[in-house]
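S.K.: Since chain F is already given, all that's left is putting chain E with the ligands on it; use the hints.
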Amino acid sequence: MAQMVTSGTSPEGPRPSYMYKVVLLGSMSVGKSSLAYRYVKNDFRELLPTVGCSFFTQVLELDEATVKFEIWDTAGQEKYQSVCHLYYRDAHAALLVYDIANKQTFSRAKLWLEELEKKFLPDEIVIALVGNKTDLAAEREVTTEEGEDFARTKGLLFMETSAKSNHQVNDVFMAIVQELLRREKEKAPRPSPHGRSTVDLRASGARTRCCRS
Amino acid sequence: MNLKSERRGIHVDQSELLCKKGCGYYGNPAWQGFCSKCWREEYHKARQKQIQEDWELAERLQREEEEAYASSQSTQGAQSLTFSKFEEKKTNEKTRKVTTVKKFFTASSRAGAKKALAGKLKEIQEAKAPSPSIHRQASIETDRVSKEFIEFIRTYQKPGQDIYKQCKLFLDTMSHKRDLSIEEQSECAQDFYQNVADRLQTRWKVPPEKVEKAMDEVEKYIMTRQYKYVFCPETTDDEKKDLAVQKRIRALHWVTPQMLCVPVSEEIPEVSDMVVKAITDIIEMDSKRVPRDKLACITKCSKHIFNAIKITKNEPASADDFLPTLIYIVLKGNPPRLQSNIQYITRFCNPSRLMTGEDGYYFTNLCCAVAFIEKLDAQSLNLSQEDFDRFMTGQTSPKKQESDSFSPDVCLGVKQMCKSLDLLSQLNERQERIVSEAKKLEKDLIDWTDGITKEVEDIVEKYPLEIKPKSQALAAIDSENVENDKLPPPLQPQVYAG
Ligand SMILES: Nc1nc2c(ncn2[C@@H]2O[C@H](COP(=O)(O)OP(=O)(O)O)[C@@H](O)[C@H]2O)c(=O)[nH]1
Ligand SMILES: [Mg+2]
Ligand SMILES: [Zn+2]
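Protein sequence lines, in the order shown, are assigned to chains F and E. Per UniProt numbering, the first sequence starts with residue 1, numbered consecutively. Per UniProt numbering, the second sequence starts with residue 1, numbered consecutively.
No lab work stands behind these hints, which were simulated from the structure alone. Where hints are given, some of them may not hold.
[As the list claims (entries may be wrong)] Keeping only pairs whose Cα atoms sit at most 20 Å apart, straight-line, the calculated PhoX-like set for lysine-lysine is:
| no. | chain 1 | residue 1 | chain 2 | residue 2 |
| --- | --- | --- | --- | --- |
| 1 | E | K210 | F | K68 |
| 2 | F | K68 | E | K213 |
| 3 | E | K177 | E | K165 |
Extracted from the complex, chain E is given alone in its bound form:
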């Protein structure tokens, strides 16, 4: 079974989460494994070199986007011409409109680009830029997302252009608003989502399902770019909260599924497989940049949990089963930067995805699970306060009390082995008992013979056997036959022939 290696993988991930300098805070891949503070110290010198590189990168991106736009414009123009067959009169007017929009768009985006670059420079001088290699890697992805976005909104034609313009404008504005509190920035993002959706609906008369789809893409585009500024920002105590939750979960390592009444039995290989998958999903959430992708991880995790319950109970899981199991999964997985992720999703996810729908439901359950873990006490695990305290302080572990309940980290094979060992030791014990019983029996037997001998001797001693003289005794019967010698001699046996 590959369970073990998978689990080990998860474990290694966990330990690598902390800052490389060992200051106890979380490291962040975007900061090359350092925490924000150590990162700034470490890379203070290296940053000057990057300014030049960033300039080039930003300019290249800008060029490419403009080129992509120009080509999308031309195809669109061709399209509107073919359609214009039916409306000859309007053709001229339409084409004129298209070019005006195009001009307007290009001009503004160029201005936007300059501002964006200025913003970028400023922020580099503030020493927040990641190292070149990470930066390149991230920007390759950003690049890809931009291309996909452009391709997508091309299918929306004019409204698409409008969306693109709005996004650019928003990103530009945000680059000047990095000093705002995270709540204010969140407010801006929410207003932006609202405005774009409204524009699409009212101004462009885009049908609701297409609006929804476009909004997903908009979120992906802008949040891929905003991520590094607004995920776990230094201005908040998100990082501290992450650490607190992490510590709390570690301190609760002794909690067993039985204590939480989790309706999942991991002895069933399929179930244990689902549990591992659920844990992997929830851990994976941290690696996503787009809020909706993070939500999707939570939903995937939840589906695996439902499957695990369904296989165990042989009936569909209800809310009463789901929440405890999710709590158990979170405890077992100890997902990285849980609070940061929850906060980030709450602040920057498109609200229509967060407040409603199945994704929203599972997200809410995750929030409940985390809140529960933070408040969890003896009563919620059906333990006495003394037991709870002893487990929390590590004085005892419930494992030693009940041989049945294993720590949540033990995999199936090890469990099986432990059970076999247990059986063997029981067998051994029985054998020893048999040997000692046999010895006892032997001893008893010896004692018994000895006892009998002694008893007999005692009796013999007590009642000594008085042996009378031999002759007398033998002659006794005939002794009084005085006329013995007068009897005829005894008959002799004779042999008769014939």
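Same shape as in the complex, but just chain F:
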């Protein structure tokens, strides 16, 4: 079940704790599930040995805050794309994943971005473009520059990873946390005494809506 966001138990003062929802988007077989799995497992938080592998949580104890990630994996089959916008409702961050050895997945990532841009204002969500499978360098179809350039023009975080060889997987999520916390400071001169202020509350403009409207 959903775990509580507990504020840091450190007695030296209130350290804010935040909960962020991160969705994984991208074509089928680009490595979304593998990235989440690698990330959650490698930080040796016990991977919930539950039956399912599509909803992950990860708690980060950082100096400035406690961050709980909720990682939502999505069904990547093309036929479900029309309903996928339901997944990223109220998300704080999105990982836009493509396979560097498959040009088509890069184009699909661009389409995903257009979808996201329809639903979110730029400052409402942190988006990271992730070129996965760098271990397949010999079969590369998308150059690092292509990815970088696209990310720059769209104002996205960018990183190339390999879930297989554990290359920069952690870094992607760290970059996202840093960006989220930076925005947190920027927008909140008001002190939030109990930490949960930004999470599920109306600051996110997330008054529940009909799921299909």
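M.R.: For chain E with the ligands alone, coordinates are given in the frame of chain F:
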């Protein structure tokens, strides 16, 4: 195996969902199986009797709650006195505060009660009250929930009192706001959740995990009471949407797991067991009144789905496996009032439960499944448009084309039987083939002998055997031996003795 009976149970549930009058709309247990419209017609006369009963019931409830409160107050007072050992000076002040709060609380709740009763009367006159028996049953549960709630917030002491007061106030306010649109009422509920949580955090400094727990109880308390006014309200087209989804799912009865690429093989008894459980869970959702309890049903269903996939594939399921299987479960179960339930949860669930957490994840998946079912077309099932249309119109069923794919409703035993029958008929066919081959062989043999005979006859006819006179032929060898009679007589065999 009890699979069959369980499934039949589900099926009966389904058919009983429609309005008893047969108008085609959904019935509702709260309306004794009628739809909202028929209910109003049917029970127009009976309602006057209820006014009196409702008065009594409401008054009794109010009395009990106040008594429960009074007793909670006294225990709390005793507690604060024991603690006051250490702070002698503050004791008086504290006790005074407690009594003031108590007074304030009691007075306001009484006023609230009057208003609530007035509201209740009004609404009875609007003929929305359910029949006495159902009403009693529901109110027993409401009663129980109230008692539990009071017991729970007693453990929160002062903040608990505050919560209770807020809840009463909210319910009272809402009883005057029934004319508002459902979205506005939802807004009120969301604001209320927000305010209570804020108050607990900032004013009462309650730690986050205790806030969360309290909020769950608050939701349970207020939504148990609000349910009948805000679930599938007449002012919306929720009921119509329910019917549309229901029809749509029925029309898709022919969809097989293979078409959806569902990674679950129901031939494995454990898997089929999980599938039945998942279906039961998702159907059960409709019977819950509290949004969070409904969410819990969805989560339970999802866990069973994950188990089914895990057993089939022998590895943990991913999102790619989960969504198709959930779609399949929804198609197979055709859960009652799907849209109403989704809308109700969306509008009145505590947002921290809905937007985040595992429950929220599974709820979102359910929304995706329903949206997918509504949009589903030939392409999403890897069918040609013609096939899809023919299946949709019921001209053909995929079952007749591929003997392998059974309709989703067929249970294991029946499947086994069908397979055996299939085998038997194959056997029968082979035997018939053997008999006919044997007959053919027999015929061939006969034909062959006949043919030979005929051939021989033909040949005989063609080359007739000319038999020369007998004597001549026999004498032929010796006939020219003219001096035959000059030869000595042939030797006679002799017996030698000795
Ligand atoms: N070589 C290589 N293969 C990967 C990598 N990440 C994932 N894969 C493989 O790609 C396939 C699809 O991965 P999956 O995580 O299921 O992709 P998803 O459909 O996006 O969730 C699997 O066979 C993975 O083993 C990677 O970084 N390098
Ligand atoms: Mg995946
Ligand atoms: Zn009716």
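S.K.: With reference to the structure, classify each hint as holding or not holding.
M.R.: Hints versus structure:
no.	hint	in the structure
1	E:K210 x F:K68	holds (18 Å)
2	F:K68 x E:K213	holds (19 Å)
3	E:K177 x E:K165	holds (18 Å)
Violation of the numbered hints given earlier is absent; every hint is satisfied by the structure.
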